[in-house]
Amino acid sequence: MIGYATRRLLLLAPVLLGVAAVAFVLSYLLPGDPARALAGERYREEDLARIRHELKLDRPLPVQFGSFVGRLVRGDLGTSFATGRPVAQELAERFPRTLLLATASMGLATFLGIALGVAALIARGRFADRLSMLLALGGISTPVFVSAILLLWLFALRLRWVPPSGYVDLDPRTLILPAVTLGVRSAAVIARMTRASLLDVLGADYVRTSRAKGLREGAVVGRHALRNALVPVITLIGLDFGSYLSGSVLTESIFAWPGVGQYALQAILRRDFPAIQGTVLFLSVVFVLANLAVDLAYGWLDPRIRHRLAARRSA
Amino acid sequence: MNRVGRRLRADPVARIGTVVLLALVLAAALAGWIAPDPLAGSLDERLAAPSWHHPFGTDHQGRDVLSRTLYGARLSLGIGLTARLVSVLVGGILGLFAGFRGGLADSVIMRTADVFFAFPSLLLLIGITAAFEPGITLLLVALGIVGWAEVARLVRSEAMRVRESEYVQAALALGVPWPRILWRHVAPNCLNPLLVSFTMGVATTILAESSLSFLGLGAQPPAASWGAMVSAGKDYLTSAPWVSVFPGLMLALSVLSLNLLGDAVRDALDPRTVIGNPGERGEDA
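Protein chains in written order, with numbering that gives the first Met the number 0: chain A, 0 to 314; chain G, 0 to 284.
Worth double-checking, as some hints may not be accurate.
Claimed, not checked - With beta-carbon atoms standing in for the labels, derived distance ranges: (1) A/L133 <-> G/Q168: 42 to 50 Å; (2) G/Q168 <-> A/A296: 33 to 41 Å; (3) G/I92 <-> A/A127: 23 to 31 Å.
Derived from the structure by calculation, the hints contain no laboratory data. Idealized CB from N, CA, C, for every residue including glycine.
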């Protein structure tokens, strides 16, 4: 397992170099000149040249890419053109808020999704099953920005139960709408996966045995089937959690949630090169590491996969 | 394929998905005859509530929301189908080649795919669309590019499996040139995953397009796009919620019908039914 994890981590290096190259090229393809943006409306040519020199934008592109990678290796993500602050510091301030939103959403999604999936399975073939699965498919099909707007309209503007947007420290009410928006979407996917996975497991011999010894259906599902059926569900939860950690651009923008997703969007729209490069790289690392953690957790949760990996290594 | 067709016709989920989708396609195709000009508006009628004359109400420029929603269907369905076709063609060809040839070609193609997988896809789309002059062509290219890696990975594994089959090994042993084997024997046997990926992917592509349009990076005004309409209406949520709600619901309905159809196609092609296909994952958040 440790060898597998090490090998996967080593394989990340070329992928991350590729990501750094794409982030670098992408930020230079963006139209607009950051030096001109910083110089303001009334500028002299010599001011522009000075700003370009200070920002090191007058060097050849390969040299700029070389110094970009060199700085990355030292953990320096550069300084934002727009705010003049280190990108790493801005990300460090924003990431905990994204983490909070991702945790709240996934907590809600896990509870709702598994409960709905189990309920649908117990009522399988009946109207309640079909209705809950149709609702789940509706949840998957509704774009995040549409459910966000509907929730905003109903709960913030009409009923006035929660504040419409923004982030206030230690005020959990500001978390409710963005967390529900993201959570409902994931809950729908989890519910479908839970039901499908349980259906697979229910055909197993040990389930037939537990039924044969007279256990009630609830106990069969809850005590025996669910534990095995949850392995792929947990993987799915991990993958969604990873994608939320790497920034929920739409949700954070709609609810003015000051996380890394909103920062990434602002950086791209402002043509803030160092912020784009640093953020894209940071988010990709978070995304890739989260996916790796899910792969490893899969092996840890299911001994059969661990044994298969070990067998492949010794072959 | 006859068996698949029979299974699809017998599946109520497939029938519901097809009927809803056909209704949407028909409404989009007939929009020019049944709906007034989506760009014509009267400021006297701005933000008018739904009525007999304007069943979905009017927007902040007095334009008919129903008419714009129907024209938006043309745009979204057209872009979704075309961009997914680009992804499937590019990813399919590269995946076939990587899986069948192996070696350096496989390594280069799959490591490039890994780089694409390492990006949160919406962020990559935002980056590409912000870098160039916004427009429909850019949208098609961006959505097509972002989707190729998933298709390539899927087709590659299928091509690797087919390569090991006896008839392909026999053809190789007989000295049949590899491009001919790839075209005549391997490609037709990789069509099933491609078909599932296409059907599932159209919904994802429509969601991605509408997300970009919502952020102002997709189809540009005055073109009617569902994402842009929802975005424009969010400033009038208290006074005129219909401006956002109707295009949003139509978007959800079209994605739902495509997901229903995609589920049915997947089940018809693979009786074991694999829920959790990447194509059904909906969208970026």
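Here is what the structure says about each hint:
1. A/L133 <-> G/Q168: 42 to 50 Å: At 46 Å between Cβs, range holds.
2. G/Q168 <-> A/A296: 33 to 41 Å: holds (38 Å)
3. G/I92 <-> A/A127: 23 to 31 Å: Hint violated: Cβ distance 45 Å, outside 23 to 31 Å.
Hint 3 from the earlier list is the only one contradicted by this structure; the remaining hints agree with it.
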